[in-house]
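Work out the full structure: start from the sequences and follow the hints.
Here's the letter readout for the chains.
2 protein chains.
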Amino acid sequence: MLLFFFLVTLLGATTAQAGGFDYPVITNQIHLLRPKLGAGGSFIDGVSCLSWRFGVETNNIIDWKTVPEECEDYVGNYMLGDQYRNDSQVVTREAFRYAKSLNLTNDGKNVWVFDIDETTLSNLPYYAKHGFGAEPYNETSYDEWVAEEKAPALPESLKLYKKLRSFGIKIVFLTGRKENTRTATENNLKSVGYQTWEQLILKPSEYSGTSVEYKSGERKKLEEEGGYRIVGNMGDQWSDLLGTNPGIRTFKLPDPMYYIS
Amino acid sequence: MLLFFFLVTLLGATTAQAGGFDYPVITNQIHLLRPKLGAGGSFIDGVSCLSWRFGVETNNIIDWKTVPEECEDYVGNYMLGDQYRNDSQVVTREAFRYAKSLNLTNDGKNVWVFDIDETTLSNLPYYAKHGFGAEPYNETSYDEWVAEEKAPALPESLKLYKKLRSFGIKIVFLTGRKENTRTATENNLKSVGYQTWEQLILKPSEYSGTSVEYKSGERKKLEEEGGYRIVGNMGDQWSDLLGTNPGIRTFKLPDPMYYIS
Numbered sequence: 160m161l162l163f164f165f166l167v168t169l170l171g172a173t174t175a176q177a178g179g180f181d182y183p184v185i186t187n188q189i190h191l192l193r194p195k196l197g198a199g200g201s202f203i204d205g206v207s208c209l210s211w212r213f214g215v216e217t218n219n220i221i222d223w224k225t226v227p228e229e230c231e232d233y234v235g236n237y238m239l240g241d242q243y244r245n246d247s248q249v250v251t252r253e254a255f256r257y258a259k260s261l262n263l264t265n266d267g268k269n270v271w272v273f274d275i276d277e278t279t280l281s282n283l284p285y286y287a288k289h290g291f292g293a294e295p296y297n298e299t300s301y302d303e304w305v306a307e308e309k310a311p312a313l314p315e316s317l318k319l320y321k322k323l324r325s326f327g328i329k330i331v332f333l334t335g336r337k338e339n340t341r342t343a344t345e346n347n348l349k350s351v352g353y354q355t356w357e358q359l360i361l362k363p364s365e366y367s368g369t370s371v372e373y374k375s376g377e378r379k380k381l382e383e384e385g386g387y388r389i390v391g392n393m394g395d396q397w398s399d400l401l402g403t404n405p406g407i408r409t410f411k412l413p414d415p416m417y418y419i420s
Numbered sequence: 160m161l162l163f164f165f166l167v168t169l170l171g172a173t174t175a176q177a178g179g180f181d182y183p184v185i186t187n188q189i190h191l192l193r194p195k196l197g198a199g200g201s202f203i204d205g206v207s208c209l210s211w212r213f214g215v216e217t218n219n220i221i222d223w224k225t226v227p228e229e230c231e232d233y234v235g236n237y238m239l240g241d242q243y244r245n246d247s248q249v250v251t252r253e254a255f256r257y258a259k260s261l262n263l264t265n266d267g268k269n270v271w272v273f274d275i276d277e278t279t280l281s282n283l284p285y286y287a288k289h290g291f292g293a294e295p296y297n298e299t300s301y302d303e304w305v306a307e308e309k310a311p312a313l314p315e316s317l318k319l320y321k322k323l324r325s326f327g328i329k330i331v332f333l334t335g336r337k338e339n340t341r342t343a344t345e346n347n348l349k350s351v352g353y354q355t356w357e358q359l360i361l362k363p364s365e366y367s368g369t370s371v372e373y374k375s376g377e378r379k380k381l382e383e384e385g386g387y388r389i390v391g392n393m394g395d396q397w398s399d400l401l402g403t404n405p406g407i408r409t410f411k412l413p414d415p416m417y418y419i420s
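If you read the protein sequences in the order shown, they are chains A and B. Under this note's numbering, the first sequence is numbered contiguously, ending at residue 420. Under this note's numbering, the second sequence is numbered contiguously, ending at residue 420.
It is worth saying that the hints were derived from the structure and are not from the lab. There's no promise every hint is true.
Treat identical chains as interchangeable: a pair holds within one or across any two.
Computed list of lysine-lysine pairs in DSS-like fashion (alpha-carbon distance at most 30 Å, straight line) [to be verified]:
no. : residue 1 : residue 2
1   : 259       : 224
2   : 322       : 224
3   : 349       : 380
If you're wondering where the values come from, they're calculated on a predicted model, not measured in any experiment.
If you want it as C-alpha cells, here you go:
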C-alpha cells in the first residue's frame with residue numbers, strides 16, 4: 160500500500176510539474192501495473208499478496224490447496240520476473256559458500272540431497288498455463304507434462320550442482336515423483352545438464368504417508384544403511400527439510416505455487 | 160529491478176503524453192523513493208535487499224552479524240512501514256485460526272510459548288536509533304534500553320495473547336533476556352498489557368550455550384517435568400522454533416534486524 164501511495168504521489172507531482180494531467184491514461188497504466196507492484200498491488204482478505212508469500216515461505220501458512228485467486232497475477236508476475244530468480248540465487252549462493260567452507264573427509268560418503276520439482280527442474284512452463292497454482296492440482300495433465308520430459312533446469316540449482324560435484328560431493332535426488340516416472344525423470348534430468356548422480360530415489364507407487372515421513376525415512380536409510388553423510392539438503396518445500404536426518408544444513412528455495420505436507 | 164524498470168517506463172510515458180519532460184525532478188524523486196522500493200531499491204552484492212530478507216526469514220542466510228550497510232534504508236523503511244505490520248498480522252492470524260481450531264483437553268496443561276523481544280515486545284524505538292540492525296550490537300546501550308521498561312507491545316501479538324487466554328491456553332514467556340532483567344521485564348510486559356502468565360523463563364546469567372540449546376532444554380523441562388503440552392510456539396528467530404520439544408505448531412514472526420543462533 161505504501162509503495163502504491165508513493166507511486167501515485169510521484170505520478171501526480173510529475174504530471175503537474177510537466178504542466179499537464181491525463182487521468183485516464185495514468186489510471187489505466189496503474190491498473191496494468193498493479194499486479195507487478197508486490198506489496199502495493201494485490202490484496203487478499205486484508206493482507207497483501209507479498210505478506211501471503213512471506214507467510215508461505217516461512218512455513219506459517221500451511222496445508223493450503225491453491226494460490227488465492229486474488230494473488231494469481233501477483234504470483235505469476237513473481238515467478239516470471241527477476242525477483243524469483245534473485246530469491247533463488249540468494250539461496251544457492253549461500254549453499255555454495257557453505258559447501259565451499261566444508262573441510263570434507265574424502266571418503267566418497269558426502270552427499271547432497273536435492274529435491275526435483277521446483278528445485279532442480281522447473282515446471283514453470285506447465286504452471287504458467289494453469290494459473291500459477293491458482294487452479295486446483297490436476298494429476299492427469301501434470302503427469303502428461305512430466306512424461307514430455309521438457310522441464311527446464313532451475314539455472315541456479317544446476318550451477319550449484321556442478322560446483323558441488325567439483326567439490327567431490329555426491330548427488331542424491333529425492334523426489335515425490337513416483338517410481339513409474341523413473342525413465343522420464345532420468346531423461347529430463349540428463350537432457351538439461353544433470354549428467355550423473357549417486358542415487359535417484361522416487362516414491363513407491365503404493366506409498367501413502369506424508370512427504371515428510373517418506374523423505375525422512377529415505378534420508379535415514381541413506382545415513383544409517385548407506386553410511387552416507389548428508390552435508391546439505393535443498394528443496395522448495397518445508398516437507399523436504401523437516402523431520403529426521405535433515406542434513407547438516409538445509410536450504411529452502413522459493414515456491415509460492417503449491418504446498419506439499 | 161523489474162519494479163524500478165516499470166516505474167521508469169511509466170514515468171516516461173506519462174510525462175511524454177502530458178507534453179513535458181522534467182528529468183532532474185524525476186531523477187531526484189526516484190532517488191528519494193529508492194529506499195522505499197524494495198526489490199527495485201537497494202542492492203547488495205548483486206542481490207536485492209528484498210531477496211536478502213527472503214534469505215534471512217527462511218533461515219537460508221544464517222550467522223550474520225549486522226544488516227548489510229546497503230540494506231539499512233530498506234530494512235528501516237520495512238520496519239517502520241505497513242509491510243512489517245502486514246507480515247506480522249499474517250502470522251498471528253494463522254496462529255489464531257490454528258488455536259481456535261484446537262479441541263483442547265481442559266486440564267490446565269495447555270501452554271503457548273512466546274519469545275519476548277521482537278515477538279511480544281518491540282525494540283523498534285531502540286533499533287531505529289541504531290541503524291535498524293546495521294550497527295553492531297552494543298550490550299551496554301541495549302541493556303540501558305531494557306532497563307527503561309519502555310518497549311511497546313507488538314500489537315498483533317498482544318491481540319493474539321488475549322485471544323489465547325480466552326481459549327484457556329496458559330502463557331509461557333521464554334526469553335534470551337537474562338535473569339537480572341526479571342523485574343524490568345515483568346514491569347514492561349505488564350505496563351503494555353500482558354497482565355499475567357504461567358511462567359516467565361529468563362536465561363541464567365552464566366549460561367553459555369546457544370539459544371537453540373537453552374530454549375530446547377527449557378521446553379523439554381516444561382513438557383517432561385511440568386507436564387505441560389506446548390500447543391504453540393512463537394518467535395522472531397528460528398532459534399526460538401528449532402531443536403527439541405518445539406511445540407505442536409511453530410510460528411515465525413518477521414525480523415530482518417538481527418540474528419541469534
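(request) Measure nothing new, just compare the shortest in-copy and cross-copy C-alpha distances for residue 349 and residue 380 to 30 Å and report within, between, both or neither. (result) Classified as within: same-chain Cα gap 25 Å, cross-chain 50 Å, threshold 30 Å.
(message) My question is about residue 322 and residue 224: at a cut-off of 30 Å on alpha-carbon distance, are they close within one copy, between copies, both, or neither?
(response) between (35 Å within a copy, 27 Å between copies)
(request) Could you place residue 259 and residue 224 in one of the four classes (within, between, both, neither) given a Cα distance threshold of 30 Å? (result) between (38 Å within a copy, 20 Å between copies)
No hint from the list above goes unmet by this structure.
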